[in-house]
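As a plain string of letters, each chain reads:
Number of protein chains: 2
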Amino acid sequence: MAILDRFLQRGVRNGVLEVARPDGSVRRFGKSAEGFPEVRLRFTNSSAERQILTDPRLGAAEAFMDGTLIIEEGDIMALVQLLRANNRWDKGGEVREVSALKKMRGRAITLIDGMNRAARAKANIAHHYDIGNALYRLFLDTDHMQYSCAYWPREGMTLEEAQEAKLAHIAAKLALEPGQRVLDIGCGWGGMAIYLARHADVSVKGITLSEEQLALASERAVAAGVAGRIEFELVDYRDLAARGETFDRIVSVGMFEHVGQAQFARYFRDCAKMLTDEGVMLLHTIGRMGGPGATDAFTRKYIFPGGYIPALSETVAASERVRLMATDVENLRLHYALTLREWYKRCVENRDAIVALYDERFYRMWTFYLAGATAAFESGSMCNYQIQYARNRHALPLTRGYMAQREAQFLQGG
Amino acid sequence: MAILDRFLQRGVRNGVLEVARPDGSVRRFGKSAEGFPEVRLRFTNSSAERQILTDPRLGAAEAFMDGTLIIEEGDIMALVQLLRANNRWDKGGEVREVSALKKMRGRAITLIDGMNRAARAKANIAHHYDIGNALYRLFLDTDHMQYSCAYWPREGMTLEEAQEAKLAHIAAKLALEPGQRVLDIGCGWGGMAIYLARHADVSVKGITLSEEQLALASERAVAAGVAGRIEFELVDYRDLAARGETFDRIVSVGMFEHVGQAQFARYFRDCAKMLTDEGVMLLHTIGRMGGPGATDAFTRKYIFPGGYIPALSETVAASERVRLMATDVENLRLHYALTLREWYKRCVENRDAIVALYDERFYRMWTFYLAGATAAFESGSMCNYQIQYARNRHALPLTRGYMAQREAQFLQGG
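Protein chains in written order, with the numbering used here: chain A, 1 to 414; chain B, 1001 to 1414.
This is chain A alone, in the form it adopts within the complex:
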């Protein structure tokens, strides 16, 4: 396959990739280099290579999932790293992907996303989260079950510590006052809501579209002894907004990625509507660098149907229109890569359990997803933003010194 060879010759300059073919031939690309992995893969039949060339966006992922592309030395993480590290985003590595065709594809996806109404949203969320809490228990932190970027302020932290640090980091930015009502949009398994109810004198409403999440979140709140101050509900944020309830604080962590581009205006309009005049909101979301663009095909097909990763400019443009004032933005840059590496490691360690729950193909799909995401956050075009919003410029202290102070208080036990 001369075309694939040419691609690999250009794409692998540092590090080594060996490709073994069904006919017994082996080709070697690149050269040994510090910090770059060495990987050997084998195509079990000639259709695998054709698959990659026919559908460059999905072919390699599907060949790997199907077992026609086997990694004999190294693993999927190393393979993805090898390709990404040779094509770093900030070195212009992804520029070539931006073509007129890609833009058209992006627009088509946007049109489809426009239909991300309540029924479809629930199906999309079920696709990812109702596959069973058991899977998430196998790789997320045990204490808070956070399925979003952790915060790693110190060397040598465990995932559990880093997720607790993340909760404290966000709680501090909410500038909570006693007695306030907090809304958690996309509450997952209740980690954030339970943390806030335990460590601050507030009541929390957590909403999700996943029945599996709702059940476990409720159970965990009871176990934590804070069920009386938390209300979990299976409801779409749009339906909640229509009821006219308001909240002093809104927090939304790792949920905006599911909203879909066409619903951004609606999302922020509803948030602004639910926020009191002196309200504060904290949005924690993955961001796409380099400007707006379509989310990759693999993620859309297998991982997050209906999802869209926004560029910061898109998020801010949508929130500006409804007079939500961006008061603070932090780009967590490498924190998500550190988190994903830990998730990947735990998945690999729990390989047998995951295969027992699903099958080999699922395990390969899941590790491909985590490896690809790690590379995207390390040297590709993904990052994670925490955007703090207020409606009123007097709603927050004059300087952001309170953030570090409150964070330290939370970490000392509230």
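Everything labelled a hint here was simulated from the structure, so no lab data went into it.
Some hints could be false.
[Said to hold, decoys possible] With a cut-off of at most 25 Å between alpha-carbon atoms, the simulated BS3-like pairs for lysine-lysine come out as follows:
id, chain 1, residue 1, chain 2, residue 2
1, B, Lys1205, A, Lys273
2, B, Lys1122, B, Lys1273
3, B, Lys1205, B, Lys1273
4, B, Lys1273, A, Lys91
[What the hints assert, rightly or not] With beta-carbon atoms standing in for the labels, derived distance ranges:
id, chain 1, residue 1, chain 2, residue 2, range
5, A, Gly225, B, Thr1246, 57 to 67 Å
6, B, Glu1034, A, Ala408, 29 to 39 Å
7, B, Glu1177, A, Gly24, 49 to 59 Å
8, B, Ile1131, A, Gly413, 54 to 64 Å
9, B, Ala1033, A, Gly132, 55 to 65 Å
10, B, Glu1278, A, Arg6, 28 to 38 Å
11, A, Asp201, B, Gly1244, 36 to 46 Å
12, A, Ala215, B, Gly1401, 31 to 41 Å
13, A, Gly413, B, Ala1224, 41 to 51 Å
Note that the structure is predicted; figures quoted are calculated from it, not measured.
Ideal Cβ placement from N, Cα and C applies to all residues, glycine included.
Given the coordinates of chain A, assemble chain B onto it according to the supplied hints.
Below, chain B alone, put in the same frame as chain A:
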């Protein structure tokens, strides 16, 4: 003038506005309310009211400048506050201004701004800055001559202290390393460049388009004993970028407002070109809340010809395209209002000196500008953003703890 009366009846609900007319009649609008000023104004002839109705955007300002609208009780600051506080931005007070007509006006201005080439840029800057350093010496802080938003972390600070705190705040965000080369785009009277050269082991190049600024900046660098580590030059950033020089750090404070919307892409392209791979940039700029829109007519005509106040989404959209990664954004919200109040106070105190330098009309224009800007930052649609950029996600520490640490070090004398 029934139309103006109706407008004031709607627009002044809290606080009191008395309007005396040439025919001796007096009308009173609003009611006494805590925190809202009471103002009495007089029209010296009937043409003043017509002027306001004919040109709502400029009429009142010009009537005040011409002396046909006289403030008999209170001052221009109180009058502007009264109108703004009754029409707060976050309460929707400015929504009505956004009309199709206004959008068309915005587009027309953008087209004209598109021609903000080097020769015109220099003329625009000369309009504002070459009117004489003497004026700026009368109201800016004496130590650093900072003509941009100060930073007020503590109660009871002087303007001098708050501007020094601003310099430390920005210097900290630059994450400077010994021996680095820093570019200051729009260096003004050299305050930032001199501060960095004095307090960090770096060399600085400061560029401006104002000959008056260049002369004074150079003189001040000599007086501060750091002339050997600073090079000031009268050069357009576009011409500097064309030379191919690179810098480890770029700082640009209160200059982006002069760039003009049509040149945003060019500005960031040139910044990205001048920044090293591991570079960091700090952009300090006024921001328009509520999304993109035209800068007000008074400011454009009398204060900053060619200027454009960007919404955060516009700034970020332009910088994303050239792979400048927004790593941190701070909205200084009320800090500029505090700064402007102090500038206004010093102008009022130095009224005689300003009138002696120019004339009464200039003095009224200048105080109208400062009063209007104060109100815009207090309850209108203006704020001030500090946006930190990096090209490489490894260029900065993992968390932003270094900012507070370095700031404290700078404040303790570097």
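Each hint, compared with the structure:
| no. | hint | verdict |
| --- | --- | --- |
| 1 | B:Lys1205 <-> A:Lys273 | violated (48 Å) |
| 2 | B:Lys1122 <-> B:Lys1273 | holds (22 Å) |
| 3 | B:Lys1205 <-> B:Lys1273 | holds (16 Å) |
| 4 | B:Lys1273 <-> A:Lys91 | holds (12 Å) |
| 5 | A:Gly225 <-> B:Thr1246: 57 to 67 Å | holds (58 Å) |
| 6 | B:Glu1034 <-> A:Ala408: 29 to 39 Å | holds (37 Å) |
| 7 | B:Glu1177 <-> A:Gly24: 49 to 59 Å | holds (53 Å) |
| 8 | B:Ile1131 <-> A:Gly413: 54 to 64 Å | holds (59 Å) |
| 9 | B:Ala1033 <-> A:Gly132: 55 to 65 Å | holds (60 Å) |
| 10 | B:Glu1278 <-> A:Arg6: 28 to 38 Å | holds (32 Å) |
| 11 | A:Asp201 <-> B:Gly1244: 36 to 46 Å | violated (59 Å) |
| 12 | A:Ala215 <-> B:Gly1401: 31 to 41 Å | holds (39 Å) |
| 13 | A:Gly413 <-> B:Ala1224: 41 to 51 Å | holds (48 Å) |
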